[in-house]
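Chemist: Please model the complete structure; the sequences and the hints are all you need to start from.
Here the protein sequences line up with chains A and B, keeping their order.
With my numbering applied, the first sequence closes on residue 596, and no number is skipped along the way.
With my numbering applied, the second sequence closes on residue 1366, and no number is skipped along the way.
Treat the hints with care, as some may be off.
Stated by the list, open to error - SDA-like cross-link-like pairs, simulated, lysine to any residue; straight-line CA separation at most 20 Å:
#: 1; chain 1: B; residue 1: K1007; chain 2: A; residue 2: D570
#: 2; chain 1: B; residue 1: K1194; chain 2: A; residue 2: V207
#: 3; chain 1: B; residue 1: K1194; chain 2: A; residue 2: G581
#: 4; chain 1: B; residue 1: K1182; chain 2: A; residue 2: E204
#: 5; chain 1: B; residue 1: K838; chain 2: A; residue 2: T383
#: 6; chain 1: A; residue 1: K153; chain 2: B; residue 2: G999
#: 7; chain 1: B; residue 1: K1197; chain 2: A; residue 2: N212
#: 8; chain 1: B; residue 1: K1007; chain 2: A; residue 2: V145
#: 9; chain 1: B; residue 1: K1007; chain 2: A; residue 2: G288
#: 10; chain 1: A; residue 1: K153; chain 2: B; residue 2: A993
#: 11; chain 1: B; residue 1: K1129; chain 2: A; residue 2: P575
#: 12; chain 1: A; residue 1: K153; chain 2: B; residue 2: A1056
#: 13; chain 1: B; residue 1: K1194; chain 2: A; residue 2: I576
#: 14; chain 1: B; residue 1: K1085; chain 2: B; residue 2: Y1215
#: 15; chain 1: B; residue 1: K838; chain 2: A; residue 2: R432
#: 16; chain 1: B; residue 1: K1194; chain 2: A; residue 2: T284
#: 17; chain 1: B; residue 1: K1007; chain 2: A; residue 2: T284
#: 18; chain 1: B; residue 1: K1007; chain 2: A; residue 2: P150
#: 19; chain 1: B; residue 1: K838; chain 2: B; residue 2: D809
Calculated directly from the structure, the hints in this document are not laboratory data.
Each chain, letter by letter, is given below.
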Amino acid sequence: MVYIQCRDLIRSQHKLNSKKIMKNLKLTFLAVFTVMFYACDDFDTDLEVVNLEQPSSKQIGIQATADKLFQNWYNTVNLYNGPGLALVTMADQQTASYGNAAMRDMSSEPRVSWNNNSTYGNAVITEDYFNSLHSTLADANAIVIGVQGDGVFDDVNKYESLARFGQGATLGYLALVFDRVFASDENGTINDGNALNYKEATQLALEKLDLAIAAADRGDFNMDVQINGMTLSSEQWSQFLNTFAARILVNSARNTEERDNLDWQRVADYAENGITYDVEVLSDGWTTWYTEWVYYSIFPGWLRTDQRIINLMDEGSPDYWPAGETVLPEASSEDARLESDFEYLTSQDFSPDRGTYHFSSYRHSRYDYITANGWVAAHPELPEAENDLYLAEAYLQLEMLQEAADVINAGTRVTRGMLDPVDVDAGAIEDAIFYERMIELINGGMGLGFFEMRANDLLQEGTPKHFPIPGAALDAAGIPIYTFGGTQGEAGVDYSDGGWR
Amino acid sequence: MKNKLHGILTLLLAFVVQFTFAQEKVVTGTVIDEDGLPLPGVNVIEKGTSNGTQTDFDGEYSLSVDIGDVIVFSYVGFGNEEVTVGAADVYDVTLGTDAAALEEVVVTGVAGATSRKKLSVTVNKVDSDDLEMIPATSAASALQGKVAGVNITNFGQPGEGSTIQLRGATNLFGGQEPLILVDGVIVEGGIQDINTDDVASFEIVKGASASALYGSRAGNGVIVITTKRGKFNQDGPQVTIRNDIGFSEIPNKIELSKSHFYELADDYESAIGSYTKYDGVDYPADYPGYGSVGLSGARAQSDDHYQDNPYGVLYDNQNKFFGTGVDNTSYVSVSNASEFTNLFFSADKTENEGIFAETGGYKRYSARLNADFRINEWLKLSTNNNYIRTNNETPGGTTDATLFDLSIIDPDVDLSSPNPDGQPYYYIPNPWAATTINPLYPLATNREKATRNRFLGSYNLNINFADPLNLDLEYAVESTTWNNDDINPYTAFQTGGLLDGQDVGFSYSKGDFSKESSYSLSQKAQATLNYTDSFGDLNVAGKLSYLLEDNHYEYYYGLGQDFIYPGVVSLDNFDNGNTFTSSSLNDERAQNAFAILGLDFKDRYILDAMYRIDGSSLFGENERWNSYYRVSGAYRISQDLNLPGIQEWKVHAALGTAGQRPGFSWQYDAIGLTNGTLATNRIKANPDLKPSTTTELEFGTNINFLDRFTFEGVYAKSETEDQFMLVDIFAPANNGANRQYQNVGTVEFTTLELSLDANVIKQKDLRWDLGVRFSKTENEITNLNVDPITVGPGGVNTPGVIFRIKEGEEFGAMYGYQFLTSLDQMSQQLPEGASIDDYEINSDGYVIAAGTEGTIDEKPQILIGEDGNRKYDKIGSQTSDFNMGFTSNLGYKGFNFYMLWDWKNGGDIYNRQGQWLTRDNRSAIMDMAGVPEGEKKTYDYYQGLYDVNQENKYWVEDGSYVKLREASLFYSFTKDQLSGVANSFFDGLRLGITGRNLLTFTDYSGWDPEVQRYDDVTQNYYAIDYGVYPVSRSYTLSAQIKF
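Modeler: The structure is reproduced here in structure tokens:
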């Protein structure tokens, strides 16, 4: 009896528990459902997340990238964190006592070697330039592959020409600034991944530019968005490429001997087919198109024009800041550009403790309109005057003195400088070309003043003639660090062994 | 056989049931608190079963039980009581508040709610009693000095809060911030906006072994914040109102030179009081003392090059720049609990104006509703809802620019001078520094205001299936929108151009306007099966959990330059060519599961083990899953040994792993895109990128002794493997990519943490508690399989890329150049033909050329390395030697005096600002006025020390400090004392004054040694003093009433 009572009790309790649990479960599932219903609406748990924000390297060999090649080359070459500011002060064309962008280190007197350790505070000025140009080269290579393959392009000639320009411009600007170039093209790395010297790399760049010229000459198209603020016909684009090739070739020389031994007929051919207009790039307020080093170079309170340049225009003004002076009288010159392009300053911003050799009574004011317009203004990247000077020098080297003089006398020396025409005299023509490059092209294309001083053996003694491959890249490639300048490298090739003073 | 066994068992059970069933009866009673007031909603449960009820509004209960059963009475905020049912039918129970018992229970990182006495890992707890000592400015600063190994570094800028670091830096890349949960919400947007008044407790899990339960986000430790919940109050809802009002100010001004080295004009006295009249400069007759209009010539340096000439006038420009900021807080909370519901509501308004002139500050408005519902005896819903809106004004321009210009501008320049068009603060007032903008100008002109709307909510459904199993279903969400407007008006100046046709060096910029907006949604869903049971002396707790995470972030930005219509602030008010937009989008997801089991036998042998597996979209595609584990044990010695004077002694050890996830973009083959243009600085994909893993072995002991002391000691040794690093790769060989995120090596850490609390005096009217916290962490990069790199915050003026990541080196080591300090060093690097006799040590301790001291040729000699270049070597370390916190809480009757002292010993700061000051001859060290002749040094010497802004040991300063971080004096009126006021309306009144950063003892020469600067590449903070908004000193009056 007791047993039966117990059994019933156990059964009823078990039933009760089961019922309770079942009820719990039902409510639990209801609750779970409610939570999940609310939670799952935009609650994604798939771990395979695609990065939708940026293109992958497989997506870049297309027309859109090609349209930006010039821009990426342009912005890289003209970076503040690039070599532009250091080079313009190393050339004693502009001057600044500021440590920014290695200006003070590289224009210090006496000149010192470039610190090529990745730890150097200003290492960025070659690192960014090197890396960025290699990225743009990779883009150009991908576009060539696209053009040659299954890529869809509105105009094959136009985009082949752009892609070849991208290859030539990046290889050329690596060769202008560095002693060697690790080159590649659409077929992969060149020279089994080993570096080409700057001369070989220059030739490779010219080959690519020749292909760009050929494609432009074959085609009939407009470059309308590729260079901000300009629309160029294929014919004008070809002219630009020719002048550009002349720039790469002429400025590749590291000393007088190399300059003299250039293929001047090739230069003449390029320049004769070169631009008849100024290639001016419209800056857009320092956002997507900018020539940064120029902005800083001309910004009030920043760089001044080296006395050496003032002396070129007015021999009565010293070419080097005289000791004990704080202000110099205003210069006078037959060259009208002293008035139009330069501003006389009656006081010194730079601290004398940094070296009074940074002092100057002038700054370059020609492009002040860029600053005044909030960096929304056109800046001449490649003016016709530059092409004239390549043509004139080619004629000079080819001993076509009359032609050389004619080119100069039709150019800015007379039209802007209001100077007397140059005589048909080799020395006078040579001087006039140098003079125009120093005065007319100042704050134009990046590095031009430096390249000209380098080719004429005029850089101050100890100044590096080119930069080594950046230390960080050497470290990554397992190549020992090396550098130039002071007395490091080969005299006359890697560093200047005697200059203008 | 099986049937037979079943029959026997059934029979046995039947006897037992018959026996017990026969004794069943209904017992009743009333539950009251210590004041004799009935407690409704008290859980009344038959121990070990789900049989139970709750007391009604009058505190009465009725329950069917058997004789011999144990009834457990439990109620939040009170200690448990147990009653064994005997012959009586009525059992009245008094529940005592048992704050001490509550403090001891920890829920973070363990298998179930665990008494601290039984923890086998280190979890510290800071509860509301500790927090109410002094109203905290931010949730992070509330932890300052309270727990050993928790290092808080404050930001000066209002609303920025602090950084929290637990047990030192563990990650070369990826930040050191711990994982923070607020009521179950994984907080993505920081806790600077969380109102500390709402916080009931912080649980701090410092090491990887304890945080292993949180897996791949817990390598830096975990902080779990629990907010307050409604409490029963006999008189109905309890209302608390608090009002604070106070002010903040700069605690310390930097010393600057009051002299210069230029020749003064013969008639310089004629301009005294107006400007400094220099020789070599022509001044117009009406020269106002600022700007360069009409000036010509240049200053001439004095022959002796000593910076000892007076200025014509001296202004204290720091006084003009730093103002007094008003701070105020209004806080109200309402709390109530009943049988089925408890509710907690709070709202606060906080305003911190900050100490920069012409700039607003931080305003916060927040509201919280925490509501718990006991739906039935097995189903409980807990909800947390927190809405926060902040309005924040960033100082115009950047702190980099304004603080830089403030410190270097000449002291004879009056920053208050007006512009030609009447705008305040002359734009370029210093005629001798054309690039130095009046720092007050952008503060007054450039308006940058951000609004942030945040919602944090979590909803937990607890289903008690049937003991011992219950299930938690939790959904948590954090949603944040942030909008920022940045306006420079049409008339904002820019350098260059003409102003109204005049060349004054600046002109109208036409202005610009940007709008930024971001939206983030972080969701978490978690199902956890909890198990708690006892088998004789063996207590078992376990959890089985599955956790899903989905974090979504999006951002857009629009900028227009050159307003068309002045005064119209709209992105439509610009030419198309002058407008720019950008956006970004991140999605991060994770699926995680873990199991944990905790055993304790006889309350003294404790064992705990767990395993977790995490899948994250942030791991490289070849490494999507990673696992974590922990085993830990503890032994309560005092349970077995009766040691005189020792009330409790436990030792514990744990071994466990936790990790850090990579950043969102690190694994992808993706090329940055801006305005349709591909970035040329590229990072290569890494599908093999793994999370970093920290493995920690921890030993600890806890001792309570002499009835008044509590000691905790922890030693932890850990290593973080697969450290992340953005590694240089060779662009020509990598399709133009020059960097890649890689797992590169291992960093080892050792940590010692000691804390001692003492109830020095514990009398009825006089109480004095003291606390001491000590922590010390050392680390070493033991393996690095790539070349060393140098990291740190960069920027226009390269503030500090000086931290070297190198095998064998400690993380936080500063690298750079140094000057020679001994002739022995000089003898190693003598130039050709030179003799050591050609050199000597100067009065600063540096090697100089003999005979040059005090002359323009005195120059410190640079240490040269073996390669002939300057030697690049260790020059300092930002890692402190140790940190200590001292708390003292002295109470006498209603008075309470609290102090927190903070001591950071060691840890260097790179004083980049000081270095820049020297460039501009503004450093106080250059001021030779008053220095005896023969001891003066030329500015040339100091320019040598400046070293063209290269990283130099000279600028590394000891960042040690002792701070009186907090002090407060409060008086609390009791209910009895207030009984005569307003018909006994008030339950409590508390009045007091608090101060922060009242005293700082340091040798550091900058504004404040508490400096940190963020580097977005490594996502870490570094001790670089440049552009850092100084930490302020503040005083606050506070009044709080309860009714």
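Chemist: Decide, hint by hint, whether the structure agrees.
Modeler: Results of checking the hints against the structure:
no.	hint	in the structure
1	B:K1007 to A:D570	holds, 17 Å
2	B:K1194 to A:V207	holds, 16 Å
3	B:K1194 to A:G581	holds, 18 Å
4	B:K1182 to A:E204	holds, 16 Å
5	B:K838 to A:T383	holds, 18 Å
6	A:K153 to B:G999	holds, 17 Å
7	B:K1197 to A:N212	holds, 16 Å
8	B:K1007 to A:V145	holds, 16 Å
9	B:K1007 to A:G288	holds, 19 Å
10	A:K153 to B:A993	holds, 9 Å
11	B:K1129 to A:P575	holds, 18 Å
12	A:K153 to B:A1056	holds, 16 Å
13	B:K1194 to A:I576	holds, 15 Å
14	B:K1085 to B:Y1215	holds, 10 Å
15	B:K838 to A:R432	violated, 44 Å
16	B:K1194 to A:T284	violated, 36 Å
17	B:K1007 to A:T284	holds, 18 Å
18	B:K1007 to A:P150	holds, 12 Å
19	B:K838 to B:D809	holds, 7 Å
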